[in-house]
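The lines below spell out each chain.
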Amino acid sequence: MGKANVNLRGKDILALEYLSIEEIQTILETAKEMKNVIHRDIKKVPALRGKAIVTLFYEPSTRTRSSFELAGKYLGADVINITAGTSSIVKGESLRDTLYTMEAMGVDAIVMRHKAEGAAEYASKVVSPVIINAGDGAHAHPSQGLLNLFTIMEHRCPDGNFKGMKAAILGDILHSRVARSDIQGMRKMGIEVHLAGPKSLMPRFLFEEEGIVVHDRIEDAIKDADVINVLRIQLERQKSGLFPSPREYARIFGLNDERLQLAKKDVLVLHPGPMNKGLEISPFVAYGENSAIQEQVQNGVAVRMAILTHALAGGKE
Amino acid sequence: MGKANVNLRGKDILALEYLSIEEIQTILETAKEMKNVIHRDIKKVPALRGKAIVTLFYEPSTRTRSSFELAGKYLGADVINITAGTSSIVKGESLRDTLYTMEAMGVDAIVMRHKAEGAAEYASKVVSPVIINAGDGAHAHPSQGLLNLFTIMEHRCPDGNFKGMKAAILGDILHSRVARSDIQGMRKMGIEVHLAGPKSLMPRFLFEEEGIVVHDRIEDAIKDADVINVLRIQLERQKSGLFPSPREYARIFGLNDERLQLAKKDVLVLHPGPMNKGLEISPFVAYGENSAIQEQVQNGVAVRMAILTHALAGGKE
Amino acid sequence: MGKANVNLRGKDILALEYLSIEEIQTILETAKEMKNVIHRDIKKVPALRGKAIVTLFYEPSTRTRSSFELAGKYLGADVINITAGTSSIVKGESLRDTLYTMEAMGVDAIVMRHKAEGAAEYASKVVSPVIINAGDGAHAHPSQGLLNLFTIMEHRCPDGNFKGMKAAILGDILHSRVARSDIQGMRKMGIEVHLAGPKSLMPRFLFEEEGIVVHDRIEDAIKDADVINVLRIQLERQKSGLFPSPREYARIFGLNDERLQLAKKDVLVLHPGPMNKGLEISPFVAYGENSAIQEQVQNGVAVRMAILTHALAGGKE
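Residue numbers (the working numbering), protein chains in the order written: chain A, 1 to 317; chain B, 1 to 317; chain C, 1 to 317.
These are calculated hints, taken from the structure and not from any lab test. One or more of the hints may lead you astray.
Claimed, not checked - No more than 20 Å apart at the CA atoms, straight line, and that leaves these computed lysine to any residue pairs for SDA-like:
{"hint": "1", "chain 1": "B", "residue 1": "35", "chain 2": "B", "residue 2": "259"}
{"hint": "2", "chain 1": "B", "residue 1": "125", "chain 2": "C", "residue 2": "283"}
{"hint": "3", "chain 1": "A", "residue 1": "163", "chain 2": "A", "residue 2": "201"}
{"hint": "4", "chain 1": "B", "residue 1": "277", "chain 2": "A", "residue 2": "203"}
{"hint": "5", "chain 1": "A", "residue 1": "277", "chain 2": "C", "residue 2": "96"}
{"hint": "6", "chain 1": "B", "residue 1": "35", "chain 2": "A", "residue 2": "50"}
{"hint": "7", "chain 1": "A", "residue 1": "115", "chain 2": "A", "residue 2": "246"}
{"hint": "8", "chain 1": "A", "residue 1": "35", "chain 2": "C", "residue 2": "100"}
{"hint": "9", "chain 1": "C", "residue 1": "73", "chain 2": "A", "residue 2": "45"}
{"hint": "10", "chain 1": "C", "residue 1": "73", "chain 2": "A", "residue 2": "42"}
{"hint": "11", "chain 1": "B", "residue 1": "277", "chain 2": "A", "residue 2": "126"}
{"hint": "12", "chain 1": "A", "residue 1": "125", "chain 2": "B", "residue 2": "288"}
{"hint": "13", "chain 1": "C", "residue 1": "277", "chain 2": "B", "residue 2": "126"}
{"hint": "14", "chain 1": "C", "residue 1": "125", "chain 2": "A", "residue 2": "201"}
{"hint": "15", "chain 1": "C", "residue 1": "11", "chain 2": "A", "residue 2": "40"}
Claimed, not checked - Simulated restraints on C-beta separations:
{"hint": "16", "chain 1": "C", "residue 1": "118", "chain 2": "A", "residue 2": "49", "range": "52 to 62 Å"}
{"hint": "17", "chain 1": "C", "residue 1": "287", "chain 2": "A", "residue 2": "116", "range": "47 to 57 Å"}
{"hint": "18", "chain 1": "A", "residue 1": "158", "chain 2": "C", "residue 2": "39", "range": "36 to 46 Å"}
{"hint": "19", "chain 1": "A", "residue 1": "49", "chain 2": "C", "residue 2": "213", "range": "28 to 38 Å"}
{"hint": "20", "chain 1": "B", "residue 1": "236", "chain 2": "C", "residue 2": "117", "range": "37 to 47 Å"}
{"hint": "21", "chain 1": "C", "residue 1": "223", "chain 2": "A", "residue 2": "49", "range": "51 to 61 Å"}
{"hint": "22", "chain 1": "A", "residue 1": "9", "chain 2": "B", "residue 2": "284", "range": "27 to 37 Å"}
{"hint": "23", "chain 1": "C", "residue 1": "161", "chain 2": "B", "residue 2": "126", "range": "49 to 59 Å"}
{"hint": "24", "chain 1": "A", "residue 1": "39", "chain 2": "B", "residue 2": "49", "range": "24 to 34 Å"}
{"hint": "25", "chain 1": "C", "residue 1": "39", "chain 2": "B", "residue 2": "21", "range": "47 to 57 Å"}
{"hint": "26", "chain 1": "A", "residue 1": "116", "chain 2": "B", "residue 2": "155", "range": "54 to 64 Å"}
Unchecked claim - Not everything, but these chain C residues come out facing chain B in the computed CB check (under 7 Å):
{"hint": "27", "residue": "62"}
{"hint": "28", "residue": "73"}
{"hint": "29", "residue": "289"}
{"hint": "30", "residue": "290"}
From the three backbone atoms N, C-alpha and C, an ideal C-beta is built for every residue, glycine too.
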């Protein structure tokens, strides 16, 4: 992977389908350097001094919000947090007006999470600050897709050549923005994607594309996989009737040690967190030697530092 | 408007009635420079480095709280946020003790919002940090009054001479701290103020002063106006019976395009936000060419930077 | 008290029983210097620039959380706040996974409050960042114990020799982490501790040690005391039946002016805040000349600056 040198300044990060292979490579390369910063005794790169970032979350989150907040602060930016519930969003201010407000206040980037698909894209159309989609309904979560690619790269293809790998994505594909961003990113980089989960939670026509295979049994998806991404099960969905009981789920669709044996010996296990251990993933696998789940969190900060640096300052200099 | 050079260091900003014309001019002049900072690529003026500001909000707010937080951060100050609900204010700590706590922690300014009229004044009497009233019940919201003046100045009197202008303030005057701060600031600067709204929401005796005219019909208030400030309608108040139905309200008191024609051609439309579009203001007017509503938000940050700089550091140097 | 010069770098601050006399002295000495910083016009010591601190609070708090946040910011650290309720802790992420997440994000210190006794110790075992216990159930609140010692030192023994002093701790000893940390710290430094409160709220066997005396009547505990620490009464406990009525409590166990006369003339009155005035302490005593309650808050920031500096940077240089 050579220096791609693509300029991403001012680019909204809405979904991986809108990033070129070169842009993805550029972000992953910068993330490598940023990861070193996180390990330093003094975690400060003043690349974004004098820039203002707002995290605007209409759904609760520790992980993603903190990850972006720390990424911004490590880069020297000012970061403010707005969460529905503690903010006057309770007064019923529309998304549009909140975005206008943030723009008018001189904010350089809006990192936003919203329950509606397309919310980030909408934002990118109505205001000028860089919009970074931190999750819009079941649509996309591009920084998660990128951190997964970065984690895979570090373990399986330091040269950045993902081609020929096989990834399995397990669980509630239908409602998962992580799955969607993964699929887009992985396909773009040449990874073959195998999907499995309860039938009621599988999209029917969406992925009838080259390089995407839908399985009935998770065992078939896992077989010979280089990477397994286990999705978080939203327990709330059970009420909808789309869903087997937790015990049933674990028995049929949970990733346990026995099933892991079907994959390649050095398979990489990913999970976006927070995990329901004993449900979609067994504790043994979650904390086992194939798990890169904790590393994903660290890589998340590095990748977000890279995203923010490129989108706000055009690069590393 | 010449350099006023008034020293405001240590001054509590409780209500515009306590600021002299010169003090208001000084703040507006500094705000002009601060507005340039917000447009810069690097938004940092280290005027308040080493100062600590707390935003202490007993009522929810995105706009005002974020505006002060960003203003403080752009100036290099440390800012911490305390909101009732996420804080141990739930343990029932009295306002007095919370103020004492903030003072003892070395905080230089307390930006506070409270539902009780006089809360900020009370605070200014019991503790030594600079108190900046960010809204106390229906009493005052001085930074909003100042940002309105600033917005008017930029559009209609760059020389700072507001005399002879006519402003209309429309809506629930009785419960509005914005109206009160507007009236005080505008009268001080020589603007004639015309008020209109539902009879049940008009104060009876309060404004029987020179330069303040109360109208029954909003058309009469709007006529030939240079500025129209449309107040936010608190939908909660309807339960009180003081209030017509929303449809009725919009029909009789809403600012729509037709009514806007009664004002001067280049009339400036203001609204403190968040707007109930279709109620007190039509979407057409809200986003129309006379609207300075988004600009008000930007000016809010600039004016708050000016207020904080003067009150905490005594000026710009 | 000479320069102790103990290196505390990397040390978790879980409970005062794990700190040596020299370590306590070292922290108190540094706190003296930090207190000067809080009084300066420019409150910035860049000792922790490039360090990241997270406050992770599973129970609401204004005082302690803000105190640590300001302490970190005065030292130039990046501080982020996570509170259960506004965070995805609502998604049911386990404490363990949240800790792993914070560790992976490169955080240098986790300041945590949790309702479970031993939560901080558990954290110190599973992750590598410095853990600072900001309260774990009824177990410990070491920074509060240290700030109390610091307050006593400033008033009664500037030389750091606490030996021979008599302290009374009044109230709900059974459920109080403040009491536990006080007792440990005071005993370590040679202060005699006298306890009194409702019988149902006194631990039975726990303190049958040298230097700790349990009394039935608070008058006996107060007699000739150099220091009285009045604990906060948790009104919620009343439902449990362990507890007299508020009026009864104030009458029998409240610290009022009359009872204060029993102590030494220059007795120091402490309270961890927030106070229930008129219940465990009379307003007269709370704001009277023997009260150091406000000072405790200021000393809290100084002591926390000292703790963070030593634990994260190994000292003051």
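Now the hints, each set against the structure:
no., hint, in the structure
1, 35(B) x 259(B), "violated, 32 Å"
2, 125(B) x 283(C), "holds, 18 Å"
3, 163(A) x 201(A), "violated, 28 Å"
4, 277(B) x 203(A), "violated, 38 Å"
5, 277(A) x 96(C), "holds, 12 Å"
6, 35(B) x 50(A), "holds, 14 Å"
7, 115(A) x 246(A), "violated, 24 Å"
8, 35(A) x 100(C), "holds, 17 Å"
9, 73(C) x 45(A), "holds, 18 Å"
10, 73(C) x 42(A), "holds, 15 Å"
11, 277(B) x 126(A), "holds, 17 Å"
12, 125(A) x 288(B), "holds, 18 Å"
13, 277(C) x 126(B), "holds, 17 Å"
14, 125(C) x 201(A), "violated, 39 Å"
15, 11(C) x 40(A), "holds, 19 Å"
16, 118(C) x 49(A): 52 to 62 Å, "violated, 41 Å"
17, 287(C) x 116(A): 47 to 57 Å, "holds, 52 Å"
18, 158(A) x 39(C): 36 to 46 Å, "violated, 53 Å"
19, 49(A) x 213(C): 28 to 38 Å, "violated, 57 Å"
20, 236(B) x 117(C): 37 to 47 Å, "holds, 43 Å"
21, 223(C) x 49(A): 51 to 61 Å, "holds, 59 Å"
22, 9(A) x 284(B): 27 to 37 Å, "holds, 35 Å"
23, 161(C) x 126(B): 49 to 59 Å, "violated, 36 Å"
24, 39(A) x 49(B): 24 to 34 Å, "holds, 28 Å"
25, 39(C) x 21(B): 47 to 57 Å, "violated, 35 Å"
26, 116(A) x 155(B): 54 to 64 Å, "violated, 36 Å"
27, 62, "holds, 4 Å"
28, 73, "holds, 4 Å"
29, 289, "violated, 16 Å"
30, 290, "violated, 16 Å"
In terms of the numbered hints stated before, the structure departs from hints 1, 3, 4, 7, 14, 16, 18, 19, 23, 25, 26, 29 and 30, listed from lowest to highest.
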